[in-house]
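Asker: Use the sequences and the hints to build the structure in full.
Number of protein chains: 2
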Amino acid sequence: MTTEVEEESVLRPADKLMAASISRDVGFLLAKLHAAGSVLNNRALVEFGLKERSYSVLALANSELEPTQREMAEFLSLDPSQIVALIDELEKSGLVIRAPGKLDRRAKIVSATPKGSAVFRRAEAAARAAESAALAGLSDAEAGELKGLLRKALWSGRV
Amino acid sequence: MTTEVEEESVLRPADKLMAASISRDVGFLLAKLHAAGSVLNNRALVEFGLKERSYSVLALANSELEPTQREMAEFLSLDPSQIVALIDELEKSGLVIRAPGKLDRRAKIVSATPKGSAVFRRAEAAARAAESAALAGLSDAEAGELKGLLRKALWSGRV
DNA sequence: TATGGATCATTGAGAATGTCAATGATTTAT
DNA sequence: ATAAATCATTGACATTCTCAATGATCCATA
Numbered sequence: 025m026t027t028e029v030e031e032e033s034v035l036r037p038a039d040k041l042m043a044a045s046i047s048r049d050v051g052f053l054l055a056k057l058h059a060a061g062s063v064l065n066n067r068a069l070v071e072f073g074l075k076e077r078s079y080s081v082l083a084l085a086n087s088e089l090e091p092t093q094r095e096m097a098e099f100l101s102l103d104p105s106q107i108v109a110l111i112d113e114l115e116k117s118g119l120v121i122r123a124p125g126k127l128d129r130r131a132k133i134v135s136a137t138p139k140g141s142a143v144f145r146r147a148e149a150a151a152r153a154a155e156s157a158a159l160a161g162l163s164d165a166e167a168g169e170l171k172g173l174l175r176k177a178l179w180s181g182r183v
Numbered sequence: 025m026t027t028e029v030e031e032e033s034v035l036r037p038a039d040k041l042m043a044a045s046i047s048r049d050v051g052f053l054l055a056k057l058h059a060a061g062s063v064l065n066n067r068a069l070v071e072f073g074l075k076e077r078s079y080s081v082l083a084l085a086n087s088e089l090e091p092t093q094r095e096m097a098e099f100l101s102l103d104p105s106q107i108v109a110l111i112d113e114l115e116k117s118g119l120v121i122r123a124p125g126k127l128d129r130r131a132k133i134v135s136a137t138p139k140g141s142a143v144f145r146r147a148e149a150a151a152r153a154a155e156s157a158a159l160a161g162l163s164d165a166e167a168g169e170l171k172g173l174l175r176k177a178l179w180s181g182r183v
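The listed protein sequences correspond, in order, to chains A and B.
Residues 25 to 183, numbered by my numbering, are exactly what the first sequence covers, in order.
Residues 25 to 183, numbered by my numbering, are exactly what the second sequence covers, in order.
Misleading hints may appear alongside valid ones.
The list treats identical chains as one, so a pair stands whether inside a single copy or across any two.
[Stated by the list, open to error] For lysine to aspartate or glutamate, the following EDC-like pairs were computed, each having C-alpha atoms within a straight-line distance of at most 20 Å:
(1) Lys40 x Glu90
(2) Lys139 x Asp112
(3) Lys40 x Asp128
(4) Lys176 x Asp164
(5) Lys176 x Glu166
(6) Lys176 x Asp39
(7) Lys139 x Glu115
(8) Lys40 x Glu88
(9) Lys75 x Asp112
It is worth saying that the hints were derived from the structure and are not from the lab.
Computed from a predicted model, the values in this text were never measured in an experiment.
Answerer: The structure is reproduced here in structure tokens:
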């Protein structure tokens with residue numbers, strides 16, 4: 025997520041490397057598209073005091089699913105200790121609260137405060153716009169297909 | 025890329041969070057699939073002394089495209105200084121060499137040594153297997169579609 | 001109902017990565 | 001010729017990753 029994203033769709037020198045075999049590697053393509061999207065995402069989220077990571081935590085907290093921190097960690101592919109830090113931040117900002125799990129008091133259920141919900145709704149709109157920008161090369165139908173394929177790859181048997 | 029990847033396709037507790045709005049976010053899906061794939065990739069590459077990063081650099085060096093370090097940095101979405109470190113490693117292992125650019129002697133063209141090519145060929149096979157595993161939920165046709173959509177999103181106008 | 005082992009959030013340490021500014025060598029533009 | 005720009009490199013610093021240890025709580029079983 026280092027290099028800048030060009031506003032214009034200019035033919036850049038490095039694009040000659042598209043011919044290399046690595047550019048048929050899905051892992052590489054995922055990383056590159058994600059990197060480009062992250063720049064746009066973080067740029068869109070900064071006005072809400074959020075980054076991609078804290079945004080995704082807030083999104084889960086804002087759901088009605090009552091996620092525990094551990095569930096968040098697994099779902100977001102992060103270490104539990106990273107979730108602690110992210111939630112500390114969000115809690116300090118008054119966007120989420122921790123509550124002991126109902127069945128299991130070791131676990132902590134994270135939920136958005138009214139303020140957190142309000143911020144999330146606005147941030148979500150900004151994130152959607154950033155996503156559109158990142159997928160500008162695709163039609164709406166293609167973007168939908170992409171989403172569907174990614175979801176299927178992740179949760180094929182389990183959906 | 026923290027949490028382990030399950031071998032079996034078991035329904036896990038955190039999967040309930042699929043219902044959250046964030047799981048319709050392409051950025052999130054890209055990150056998650058990439059994280060899962062990275063685990064498999066790095067596991068497959070370790071026997072060659074490579075990681076995902078050094079593998080991708082070696083792949084570019086192994087092409088006939090004579091990439092400069094700067095082109096590699098841009099193409100791989102990395103900072104030029106990270107490329108320096110990666111190539112230092114690969115060069116120390118005798119897998120690549122630096123040569124001054126023909127037109128521009130400031131630039132350095134990185135290319136694979138015969139040993140580097142040999143290692144790459146074997147690593148590539150392992151990486152392909154890892155990719156298949158990461159995309160086990162998709163048919164071959166779907167995997168191809170996914171690849172095509174990712175490439176189009178990245179290089180729409182410029183292909 | 002007690003006890004041992006497992007799982008939760010949390011902390012902290014150290015490694016790996018990301019980010020950025022400064023440098024000398026070269027190129028490009030004037 | 002000179003000035004500005006670009007390349008690889010270095011080094012400093014911030015962020016993120018990874019892992020092991022801890023106290024609290026849960027679960028299984030004797």
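Asker: Determine for every hint whether it applies to the structure shown.
Answerer: Checked hints:
no.: 1; hint: Lys40 x Glu90; result: between (48 Å within a copy, 10 Å between copies)
no.: 2; hint: Lys139 x Asp112; result: within (16 Å within a copy, 49 Å between copies)
no.: 3; hint: Lys40 x Asp128; result: between (55 Å within a copy, 17 Å between copies)
no.: 4; hint: Lys176 x Asp164; result: both (18 Å within a copy, 13 Å between copies)
no.: 5; hint: Lys176 x Glu166; result: both (15 Å within a copy, 10 Å between copies)
no.: 6; hint: Lys176 x Asp39; result: between (30 Å within a copy, 13 Å between copies)
no.: 7; hint: Lys139 x Glu115; result: within (11 Å within a copy, 53 Å between copies)
no.: 8; hint: Lys40 x Glu88; result: between (47 Å within a copy, 11 Å between copies)
no.: 9; hint: Lys75 x Asp112; result: within (14 Å within a copy, 32 Å between copies)
Comparing the model with each earlier hint shows no violations; every hint is respected.
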